[in-house]
Each structure stands twice: as C-alpha cells, then as structure tokens.
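2 protein chains.
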Amino acid sequence: MAGGQLSEYITFTKDKVEVKLQEFVSNLSAPAILKESMLYSLTAGGKRLRPVLVFATLNAFGKKEDLGLGAACAVEMIHTYSLIHDDLPSMDNDDLRRGKPTNHKVYGEAIAILAGDALLTNSFQLLTDFEHEDITPHMKIQLLTELVKASGTEGMIGGQVADMQGEQKHQQLTLKELENIHLHKTGKLLGFCVKAGAILANASNWQLTLLDEFSKHLGLAFQIQDDILDIEGSEEALGKPIGSDTENDKTTYPSLLGMKAAKEKLAYHIEQALESLHKANVQGGLLEEICLYVAKRDR
Amino acid sequence: MAGGQLSEYITFTKDKVEVKLQEFVSNLSAPAILKESMLYSLTAGGKRLRPVLVFATLNAFGKKEDLGLGAACAVEMIHTYSLIHDDLPSMDNDDLRRGKPTNHKVYGEAIAILAGDALLTNSFQLLTDFEHEDITPHMKIQLLTELVKASGTEGMIGGQVADMQGEQKHQQLTLKELENIHLHKTGKLLGFCVKAGAILANASNWQLTLLDEFSKHLGLAFQIQDDILDIEGSEEALGKPIGSDTENDKTTYPSLLGMKAAKEKLAYHIEQALESLHKANVQGGLLEEICLYVAKRDR
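Chains as they are written, first to last, in this note's numbering: chain A, 1 to 299; chain B, 1001 to 1299.
The hints are simulated quantities; they were obtained by calculation from the structure and are not laboratory data. Wrong hints could be hidden among the right ones.
Straight-line distance between alpha carbons at most 25 Å, and here's what the computed DSS-like set of lysine-lysine pairs gives [stated by the list, open to error]:
id: 1; chain 1: B; residue 1: Lys1016; chain 2: B; residue 2: Lys1063
id: 2; chain 1: A; residue 1: Lys105; chain 2: B; residue 2: Lys1169
id: 3; chain 1: A; residue 1: Lys47; chain 2: A; residue 2: Lys263
id: 4; chain 1: B; residue 1: Lys1105; chain 2: A; residue 2: Lys169
id: 5; chain 1: B; residue 1: Lys1014; chain 2: B; residue 2: Lys1064
id: 6; chain 1: B; residue 1: Lys1176; chain 2: B; residue 2: Lys1260
id: 7; chain 1: B; residue 1: Lys1240; chain 2: B; residue 2: Lys1014
id: 8; chain 1: B; residue 1: Lys1250; chain 2: B; residue 2: Lys1260
id: 9; chain 1: B; residue 1: Lys1149; chain 2: A; residue 2: Lys149
id: 10; chain 1: A; residue 1: Lys250; chain 2: A; residue 2: Lys260
id: 11; chain 1: B; residue 1: Lys1250; chain 2: B; residue 2: Lys1296
id: 12; chain 1: A; residue 1: Lys20; chain 2: B; residue 2: Lys1149
id: 13; chain 1: A; residue 1: Lys149; chain 2: B; residue 2: Lys1020
id: 14; chain 1: B; residue 1: Lys1020; chain 2: B; residue 2: Lys1100
id: 15; chain 1: B; residue 1: Lys1063; chain 2: B; residue 2: Lys1279
id: 16; chain 1: A; residue 1: Lys105; chain 2: B; residue 2: Lys1105
id: 17; chain 1: A; residue 1: Lys16; chain 2: A; residue 2: Lys63
What follows is a list of derived Cβ distance ranges for each label pair [claimed, not checked]:
id: 18; chain 1: A; residue 1: Asn202; chain 2: B; residue 2: Tyr1268; range: 53 to 59 Å
id: 19; chain 1: A; residue 1: Ile231; chain 2: B; residue 2: Asp1015; range: 52 to 58 Å
id: 20; chain 1: B; residue 1: Lys1014; chain 2: A; residue 2: Arg299; range: 50 to 56 Å
id: 21; chain 1: A; residue 1: Phe12; chain 2: B; residue 2: Gly1062; range: 51 to 57 Å
id: 22; chain 1: A; residue 1: Asn27; chain 2: B; residue 2: Tyr1268; range: 33 to 39 Å
id: 23; chain 1: B; residue 1: Ser1204; chain 2: A; residue 2: Lys100; range: 48 to 54 Å
id: 24; chain 1: A; residue 1: Lys176; chain 2: B; residue 2: Gly1239; range: 42 to 48 Å
id: 25; chain 1: B; residue 1: Lys1169; chain 2: A; residue 2: Asp15; range: 37 to 43 Å
id: 26; chain 1: A; residue 1: Asp66; chain 2: B; residue 2: Lys1296; range: 52 to 58 Å
id: 27; chain 1: A; residue 1: Lys279; chain 2: B; residue 2: Gly1239; range: 54 to 60 Å
id: 28; chain 1: B; residue 1: Glu1247; chain 2: A; residue 2: Thr136; range: 51 to 57 Å
Note that beta-carbon positions come from the ideal geometry of N, C-alpha and C, so glycine has one too.
Excised from the complex, chain A in its bound form (with noise of 0.2 Å):
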C-alpha cells in the first residue's frame, strides 16, 4: 500500500497501537460482550492514519513515538466508536466495513450503540491516564480539550448532521458546502493528530498555525481521493461495495466538478499541505510520505 519508509512505518504503528488497545480493553472490568463487541471493531483492519499521524508529526519534530501513545490510541478509538454509530441502521445502514460484517450485524443495534459510547467515553481515560515524564497535566488538558473540539458539535459529530442535513436537500450541494461538511466531518479529527503530536513536542504557536494549514489540506485531499476510489476502486481492495455515493445521489468532487477536476483538486490539495509543511520547518520526511500516500492509496 505505502512504499519504502512510510511502509514499515505504518508496520510500526500498528504494532504499537493494537497491543496497547488490546490491552487497555482488555483490562477494563466490564461485561465480556461490551469488550469483546468493542475489541471487534477496534481490531478490523484499520489502516491506523491517525496515529501515524500523530507519531509522525512528533518523528518530525525530532521526538520519541512513545510519546503520543495514548493521544494515537484515543483518536483511533475515536474514529472506531464513528465509525459503529454511522453504520447503524438508522445512520447509513451498512452491512459490511472492510471486508467484515459491521459492528451491529454481528452484536445487534443495541450493543453496538453501548459499544460506541464506551469507545468514546473510555477514549478520553485513555488519554488522560497515559504517563510519560514529558506529559505535563497542563498538556493533557491541551489534548482532551482539543480531541472535543475535534470531535463533538463543532468538529466530527456537526459534520456529520450537516452531511445528513445535505443529503436530505436532495440536490446538489455547492463546493463550499462540500467543503465545510468534509472539514468538520473527517477534517478536524485528522487535524487533532498532527496538532496532538506538535503539542507533545512542545511546538511554537507558528508552527502549530502552519501544520493545522497542512492537516486541513490533507483530510480534503483524502477525502477527495475517498470519492474517487467509490467509482475508481477496487471492491476487493476496499472491503465494501463501490458506487453507493452514484447510487445514493451524494453530492461529491467528481459529481460536483467531474473526474478530471476533481483529480486537479485532489493535487492542488497536497501540493499546498506539502508547502505549509515545508514553512513549519520542521523534518518532515514522514508527513510528505503520508501526503503522496493519501493521494493514491487504494483503499
């Protein structure tokens, strides 16, 4: 999927990141089917963008991972608990995700509902809890207030009801309209990796103002290489049917602007991330590897 160095360093991650929600579940002391129903879904099959997000921003400013191990397992948790409650029936009704039944096929609604809010909830004692010599309490709060932020009303979860809203006009929406629901919707998450990972390392305020520019370019660049790959993709690379956004008349780039356009975007989108990454001055091999990833991964 990733060539080179991002490769093994997503191998790295991975590794990193499931042993230590394994773990972390695996130790809470609740009713089996709650951990086994969460475990579920955490262990799926992730491609675990966000905490190489987060690693390799603290890589960039020359910093250990271990460092952000709790901020990268909360925001895959995060990312997990939206990932069950959008696929509920009453959400977008889906039947499978990467390959595998989706949480409430296999557990039942109400379960995966409960397994939701406990991925969400338990994300921010994860979080917390996390110990490093480095972690000032004045940090942590920096994080647990920013991973809200990110993911509440005014990031994750408003997007979400503005695409909902969207989807009900029932025409198409404007590029900015696009724009905004993608930025709030998957945007502000991916933007909480890469400003987690600055924080830890301690970043100056400029640095933070230029890789916030960087990480808002690279969610609507994944996002944009997201709606090509549901006309262009491979089924089998993607675990999940393509054409459902044609089918369900969801506006998207290439139904807004047409393929071509929509590619020209998807370059424009990186090649501005690459330049704000460049300003920050920080060393950011990895980050530039994640950007080219981004831009022509297959699932």
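With chain A's structure known, arrange chain B on it following the hints.
Below, chain B alone, put in the same frame as chain A:
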C-alpha cells in the same frame, strides 16, 4: 416534591445549571438542529438530582456551589445522553420521557444518536473548560478520570449491558446480580457527583471513602424507590406509564423480595447512608435531606 430548605436548594440548583447548560450549548458552533435536539432533552424538566448532589456536597464542606458548576453541568449532560440512547427503539423503545415525546420521536433516530454522542463528548469540554481560581489542572484531570470511570465501561455503560443481559436470561436475578447492575447503571454516576464535590472541596481520603459508602447506599435506595414507584406511583407525577417492569417481567426489588421487604431494604440503605455521612464529619444537613427525599419522592 421536597420540603423546606431542600426544595429551595433544588430550585437554586436548577436555575444555576439550566442557565449554564443553555448558554454552553447555544454558544457551540454547530448545525442548529443538533443544538436544538441537545437542548430539547437537556431542558425536559429533569429533577437535577445529580447537580444537587454536587452542590450539596460542596455545601457540606462549607464551600461555595459555584466551584462545582462545571462538574454539575457535565454530569447532567452525561445523564441526559444516557436517557436519549436508552430510549432508542433498539434499546428500551420508549415513546415518552418526563411526559414529553422522547428525543428520537421528535428528531428521528439518527439525530437522537448524534445528539447523545454530542452531549457525551462535549460534557468533557464543559468540565475541563470551566475556570475557577480554586480548581487546579490536577483537579480537573482527577474529575475527568472519575467521570469517565463512572460513566464508561466500568460504570454506567457496563451496568446498562449487564441489565440487558439480565433481561435476556428470562428468569429472576439474584439480589446480588440486581445490586451489581444498579451499583453500576445508576450508582456510579450518583457517586461521581458526591466525589466531585468532595474533590473540589479538598476532602481527606478517609472522608472520600465514607462519602463513597454514603453514595452507594443512596444510589441503591434511589433504585428501590424507582422500582416501588413503578408499582405504587402515579402516572401523572412520573410523566410515564407505570407497571412496565411487571409487564416486561423485569427483576425488581419488589418482585424479588416482596413489597414489604423492599421497603425495609429501602429504609436500611437510607439508614446506612446517613450513618456514613455522620462519620464523615461534614455539615451534611442538605445531604441528609436528599436521603429522605429520595426515599419519599413521587417522581
């Protein structure tokens, strides 16, 4: 509902908490429908027992209530989210709550799920953003850790799953199983309220332990009265139909022990709660009144 000093104190608490919750949600930058749905359930006329417990505990230590406004509102947001999710068709499938249509009946299931997620997520923001000269970053992290423990897998959510599993057994639970469910499903969050007040008041460890005992007994008493009200209560005062436990063959204190012994058990837990409270050596007049109110409430 409650007499004398407590009645006034409940009104005082309601006013403070409702103003703050309204202000907090209104100021969020999010789609209007999401905020409307959150506020619909937040302002649906709850008893505000949890905020009253936070304030009364501070009062017992001679501290100003304002110190606990963040914790009181955060816990009320979590309590409200849990009611929205519990009422969903795949959970309890309730149409009425406090005499009003449930959230999903008004806004649909998808928005109800997301409003619940948002109340949960943003409750942690309210808790950590709340500024007061006597609240240190370390205290905030302590409060956050306790709130997650009380509401997550090891608390409320774990209890909810255990409750569902109990119902699926189609046979009476043992008293131990029943108590274990209630200690988690409702007890831990009530316990958080007292603990939050005590943490903010810089209580000693021995006082925290005794107040924890107090909360446990208070929580069980609260639940027994809940069970009794489902048989002997008035639909008008409760704002929902009575008899649903019997109809659903649910194990309750009266079904397990008989009504007379259930009332004795209620009296026993109130007595134990008061004993722990007296040992904690605080000015617990209001907390005492809450005990008596819980035992005698009609809604």
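*Keeping to a limit of 25 Å between CA atoms, is the pair of Lys1240(B) and Lys1014(B) held or broken?*
Satisfied, since the Cα-Cα distance of roughly 22 Å is no more than 25 Å.
*For the pair we were handed, Lys149(A) and Lys1020(B), check the Cα-Cα distance against 25 Å.*
Status holds; Cα separation ~19 Å.
*Pair hint outcome, Lys1020(B) versus Lys1100(B) [Cα-Cα no greater than 25 Å]*: Distance of about 23 Å is within 25 Å: holds.
*Lys1176(B) and Lys1260(B): Cα distance at most 25 Å?*
It holds: about 19 Å lies between the C-alpha atoms, which stays within 25 Å.
*Using the C-beta atoms of Asn27(A) and Tyr1268(B), is the stated range 33 to 39 Å upheld?*
holds (35 Å)
*Can the restraint linking Lys105(A) and Lys1105(B) be considered satisfied, given a maximum Cα separation of 25 Å?*
Distance of about 24 Å is within 25 Å: holds.
*With a cut-off of 25 Å on the C-alpha distance, tell me whether Lys20(A) and Lys1149(B) pass.*
holds (19 Å)
*Is the distance from the Cβ of Glu1247(B) to the Cβ of Thr136(A) consistent with 51 to 57 Å?*
holds (54 Å)
*Quickly compare the C-alpha distance for Lys1016(B) and Lys1063(B) to 25 Å and report which way the hint goes.*
holds (16 Å)
*CB of Lys176(A) to CB of Gly1239(B), is that within 42 to 48 Å?*
holds (44 Å)
*asked:* Between the alpha carbons of Lys1250(B) and Lys1296(B), is the straight-line distance 25 Å or under?
replied: holds (23 Å)
*Given the proposed pairing of Lys1149(B) with Lys149(A), does the C-alpha separation stay at or below 25 Å?*
It holds: about 21 Å lies between the C-alpha atoms, which stays within 25 Å.
Checked against the numbered hints above, the structure breaks none of them.
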